[in-house]
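With the hints as extra help, turn the sequences into a complete structure.
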Amino acid sequence: MEPVISITDLLVSQGESFSLSIASLDLMPRRIYALTGPNGAGKSTLLRTLALLTVPQRGRIRFTDADCGSLPQQRQKVTFVEQSPYLLTGTVSDNLAFGLKLRGIRGKEQQKRIKSALKMVGLDGFENRKANELSGGEVQRVALARALVLEPKVLLLDEPTSNVDSKSLQAFETLLRRLPDHGVTVVLATHDLFLAERLGGEILRIENGCLLDRTHRSSDHNSIKEKKTWLKLLNAQGL
Amino acid sequence: MGYLTDSFAAAVELIFSFDQELRLTVWTSLYTSSCAIIVAALIGIPAGLSLGINRFRGRRLMITLLNTLMALPTVVVGLVLFGLFSRQGPAGSLGLLFTPWAMIAGQTVLATPIVANYVLAAVSGSDQRIMDTVLTLGATRFQAGVQLLKEIRFGVMAAVIAGFGRVISEVGVAMMLGGNIRGSTRTMTTSIALETSKGEFAFGLSLGIVLLSVSLFVNLFLNLLQQR
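Chains E and B supply the protein sequences, listed in that same order. Residue 906 is where the first sequence starts when you use this note's numbering, and the numbers rise one by one after that. Residue 66 is where the second sequence starts when you use this note's numbering, and the numbers rise one by one after that.
Rather than coming from a laboratory, the hints here were simulated on the basis of the structure. Do not take every clue at face value.
Here are the simulated DSSO-like pairs of lysine-lysine, each with C-alpha atoms no more than 27 Å apart in a straight line [to be verified]:
#1 B:LYS263 / E:LYS1020
#2 B:LYS263 / E:LYS982
#3 E:LYS1072 / E:LYS1013
#4 E:LYS1013 / B:LYS215
#5 E:LYS1058 / E:LYS1006
#6 B:LYS215 / E:LYS1035
Far from chain E, by Cβ distances over 12 Å, these chain B residues were calculated [unchecked claim]:
#7 LEU116
#8 ARG124
#9 LEU134
#10 PHE163
#11 GLN193
#12 ILE195
#13 THR198
#14 GLN208
#15 ILE246
#16 SER262
#17 LYS263
Heads up, the beta-carbon is just placed ideally off N, CA and C, and yes, glycines get one too.
Structure follows, in structure tokens:
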């Protein structure tokens, strides 16, 4: 199977103090990848680079099907939800419609997709709510719906559960787990190793701008070797 | 004190009598200033936005230049454009000198750096996530710029209003390029200067009241928009 994103010899420098360096990384389609590591490790930098917001000093990021397109066309395959998402002025519906309009999706199809995306994140009937009147958790879910409505190939999430209350967390996790079945590759940065484990998929540990190791958390992750790696990860995080 | 109160009463009476000369002067002011601010906005808003969101060599220098242009003395603008539009000047054949068009050109030169600078400040102070969000939703840089302007629309409106305030209250350009011709290029400010020197204090005062009222209405309009 061809990777959906292939990274080769990547170097992203931010000032003299920090650089992210990844020799090689393939992200396969319909999978969940959890980026873990301490603050300042390079998780968000990697997400921003994958979202084509940060230009690497060296190396190559190859997107399947998107290499030939212009930068905005490539960006339309990947959607990024920031840790503290920004909602555009207007209603929830305006926010979800923005990306759809850019893709030429209007009218009934647009309305249908907006309704469906809001339902997915548990915000049924929020279409006409003003964006600036939402709570932190609702903002996060609207931002996720705004990304999902575009049916991206790759969904990048930076600390997606940071504003989600415990009541909504389970539904949120269930939603994320289901996304690969809809053809979406999820790459999320999180400090929460337990969340990373619960979601399954692969855990990519990043420290000091380097990819240290990757651990596959599938349904058969109970092998002794995996448990040892998992404990090592938890210790590294001080948990 | 009696002189002031009598003049004020006479000024109010003049305003409510809808004096034809007063009306014409107010109209000329509003017309030239509005045309100038529209052109200045068409140039200044994209210029400020572009300087705010793009990083290129010479950007610092351009910002410094823009800041300097904000403080352009109106008489200097008047002088330079007078040379340009005068019969012997490079644009003399256009016959623009002492017409409202020359005044609009001069006022546009005055207002453009103000609009551009205010927009630049609004863009620089805006939330970085706006551009990131819009770009990751698939917008081109141009589309992202347009959306950013929508998000910072109050800053943009403040820019336009500041520019309007500058041009409607200036005297130098209107006097030098318009010539203060009655019924054609006489604005509120040039008229106030002329009438006061002629001893027609009440007429000058009535124009001053109208000028202040225009500023007040423009600001009230902005506040109203902000509340929506």
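Hint check results:
no., hint, in the structure
1, B:LYS263 / E:LYS1020, "violated (71 Å)"
2, B:LYS263 / E:LYS982, "violated (72 Å)"
3, E:LYS1072 / E:LYS1013, "violated (33 Å)"
4, E:LYS1013 / B:LYS215, "holds (25 Å)"
5, E:LYS1058 / E:LYS1006, "holds (18 Å)"
6, B:LYS215 / E:LYS1035, "holds (16 Å)"
7, LEU116, "holds (20 Å)"
8, ARG124, "holds (18 Å)"
9, LEU134, "holds (31 Å)"
10, PHE163, "holds (46 Å)"
11, GLN193, "violated (9 Å)"
12, ILE195, "violated (6 Å)"
13, THR198, "violated (5 Å)"
14, GLN208, "violated (7 Å)"
15, ILE246, "holds (46 Å)"
16, SER262, "holds (50 Å)"
17, LYS263, "holds (52 Å)"
Hints 1, 2, 3, 11, 12, 13, 14 from the earlier list are contradicted by this structure; the remaining hints agree with it.
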